[in-house]
Structures are given as C-alpha cells and as structure tokens.
Amino acid sequence: MPKMNLTHFEAAFLFSLFTSVVMGVVTKRNDRDRLHYGVYVFVCFFVALFGLGWLMYFGHG
Amino acid sequence: MATEKEAKPSPPPVNKWAPVLALGWLIPGGGHLFLKRTGRGVLLLVAVTGMFACGLMMRGAMFQPQSGDLLTTIINTGGFIGDIASGLLYFLSVWLGYNQPDVPGHVHDYGTKFLVAAGLLNILALTDAWEIVAGRKD
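Chains as they are written, first to last, in this note's numbering: chain A, 1 to 61; chain B, 1001 to 1138.
None of these hints come from the bench; they were simulated from the model. Hints are not guaranteed to be accurate.
Unchecked claim - Within a straight-line C-alpha distance of at most 30 Å, the following computed DSS-like cross-link-like pairs (lysine-lysine) qualify: (1) A:Lys3 to B:Lys1113; (2) B:Lys1113 to A:Lys28; (3) A:Lys3 to B:Lys1016; (4) B:Lys1016 to A:Lys28; (5) B:Lys1137 to B:Lys1036; (6) A:Lys3 to B:Lys1008; (7) B:Lys1137 to A:Lys3; (8) B:Lys1113 to B:Lys1008.
What the hints assert, rightly or not - Just some of the chain A residues that point at chain B, by a computed CB distance under 7 Å: (9) Pro2; (10) Met4; (11) Leu14; (12) Ser16; (13) Phe18; (14) Leu35; (15) Val39.
Said to hold, decoys possible - Only some residues are given here: those of chain B computed to face chain A with a beta carbon under 7 Å: (16) Leu1043; (17) Leu1045; (18) Ala1061; (19) Phe1063; (20) Val1103; (21) Pro1104; (22) Tyr1110; (23) Leu1120; (24) Leu1121; (25) Ile1123; (26) Leu1124; (27) Asp1128; (28) Ile1132; (29) Arg1136.
A virtual CB, placed ideally from N, CA and C, is assigned to each residue, including glycine.
Go ahead and model the full structure; you've got the sequences and the hints to work with.
Now the structure itself:
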C-alpha cells in the first residue's frame, strides 16, 4: 500500500471533506438540504481551521 | 395541559433492522444500499472507505483495548470500538497483516485519528439506516 505524506492542511482538508459528506447525508431529510448542510459543515471546518491557525500564530508571538 | 398521552412510535421488529445494521456495519453504506437508498449508500461507502484508506496510507495505528488507569482504558477501549466500527475494512486490514506500531509524527497521528473517525462516521450511517427502517426518515 502506498504511503501518504500529508501536511497538516492537506490532512485537515481530507478529514473535513469526508466528514462533511457523511454529516450531510445522515442529517437532513431531502437532497437539497443534505447538500446545503454538507457544504455548511465543510465551510465551518475551514473557518475553524483558519481561525485556530491564526490564533496559534498570534498566540505563539 | 395536554390530557392525551402522545403515542410513542413502536420500534421495528428485530428481523427488520438487524440485517440492515449488520450489513451497514460490515460494509459502510451497506444498510442504505440494502434499503434501496443507492445514492446515499454509495456516498457513505466512498466517504467512510476513503477516510479508512487514507488512515491506512498514513500508517495510522490501530487501538487495542488496554486496562490500567481510567484515561488509558477510555482512550484505548474507545479507540478500539471506533476501529472495529468500520466493519470489514478493519477485519480485512488486520487479517492481511496490517500492524502499524504507534510511532511519533504528525502523519501517523492523523492516520490513527482517520481510522477511528471512519468507524465513528459508520456509526452515524448505522443510526441513519435504523431511522429509515423505523420509518422516521425517508
């Protein structure tokens, strides 16, 4: 099996993608809401990712 | 004040939900495919299998249940439950000899989390399949 060497960002991107798909599929009751919720969760992951990244950057001094 | 007692929906019979949950556990999205929710089943299959495969390719470690102090027990037993929740993906990788020791490094660490998260996502899929069988969802 090939080995993957990912950066923090790439790993977080993949994690967000897979998790958003499942959250979108299992949470809502019609396809339109599922798509919207999946995109919403993905955007939330990225807002948190960049927000925490900048927080750590400024916190580090 | 409501005088009538709300009717509680009765759970579906075991012979209806047991095969769905068993199939959904062994094959991610299998419960949805069995219930003819093909699109959702395929999405779940791709997402959970993709997460698990990425975890393997990042050489994540599998948890083994361990006893000791409370934190060790919770982390290792919880991680083990998360790992086996991936069903056949977990059993196949172990039977085919995947045995990655827990080594330091952010990629290995992400891999370990991906393997557990794949199982947890499969538990969400199982819950959804159960709700479909129970008639609470379409």
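Open item on the list: Take the shortest C-beta to C-beta distance between B:Arg1136 and chain A; is it under 7 Å?
Closed with: Since the shortest Cβ distance to chain A is 10 Å, the answer is violated.
Open item on the list: Less than 7 Å between beta-carbons is the criterion; does B:Leu1045 satisfy it with respect to chain A?
Closed with: Given a least distance of 11 Å, the restraint on B:Leu1045 is violated.
Open item on the list: Tell me if the straight-line CA distance from A:Lys3 to B:Lys1113 falls inside 30 Å.
Closed with: 16 Å, holds
Open item on the list: Under 7 Å is the threshold here; is the Cβ of B:Leu1120 close enough to any Cβ of chain A for the hint to stand?
Closed with: 9 Å, violated
Task: Per-residue hint verdict: A:Pro2, partner chain B, C-beta under 7 Å - done: A:Pro2 check passes; min Cβ-Cβ to chain B is 6 Å, inside 7 Å.
Task: Restraint check for B:Lys1016 with A:Lys28, where alpha carbons must lie at most 30 Å apart - done: Between B:Lys1016 and A:Lys28 the Cα gap is close to 23 Å, so the pair holds against 30 Å.
- [ ] May I ask you to test the interface hint for B:Ile1123 with respect to chain A, counting a Cβ-Cβ separation under 7 Å as satisfied?
- [x] Since the shortest Cβ distance to chain A is 10 Å, the answer is violated.
Task: Closest C-beta approach of A:Met4 to chain B relative to 7 Å, hint status - done: 4 Å, holds
Task: Straight-line alpha-carbon gap B:Lys1137 to A:Lys3, limit 30 Å - done: 40 Å, violated
Open item on the list: Tell me if the interface restraint on B:Leu1124 is satisfied: Cβ within less than 7 Å of some Cβ in chain A.
Closed with: 5 Å, holds
Task: Per-residue hint verdict: A:Val39, partner chain B, C-beta under 7 Å - done: 14 Å, violated
TODO: Could you check if B:Pro1104 really has its C-beta closer than 7 Å to a C-beta on chain A?
DONE: Interface hint status for B:Pro1104: violated (15 Å vs cutoff 7 Å).
Checked against the numbered hints given earlier, this structure breaks hints 3, 6, 7, 8, 12, 14, 15, 17, 18, 19, 20, 21, 23, 25, 28, 29; the rest are met.
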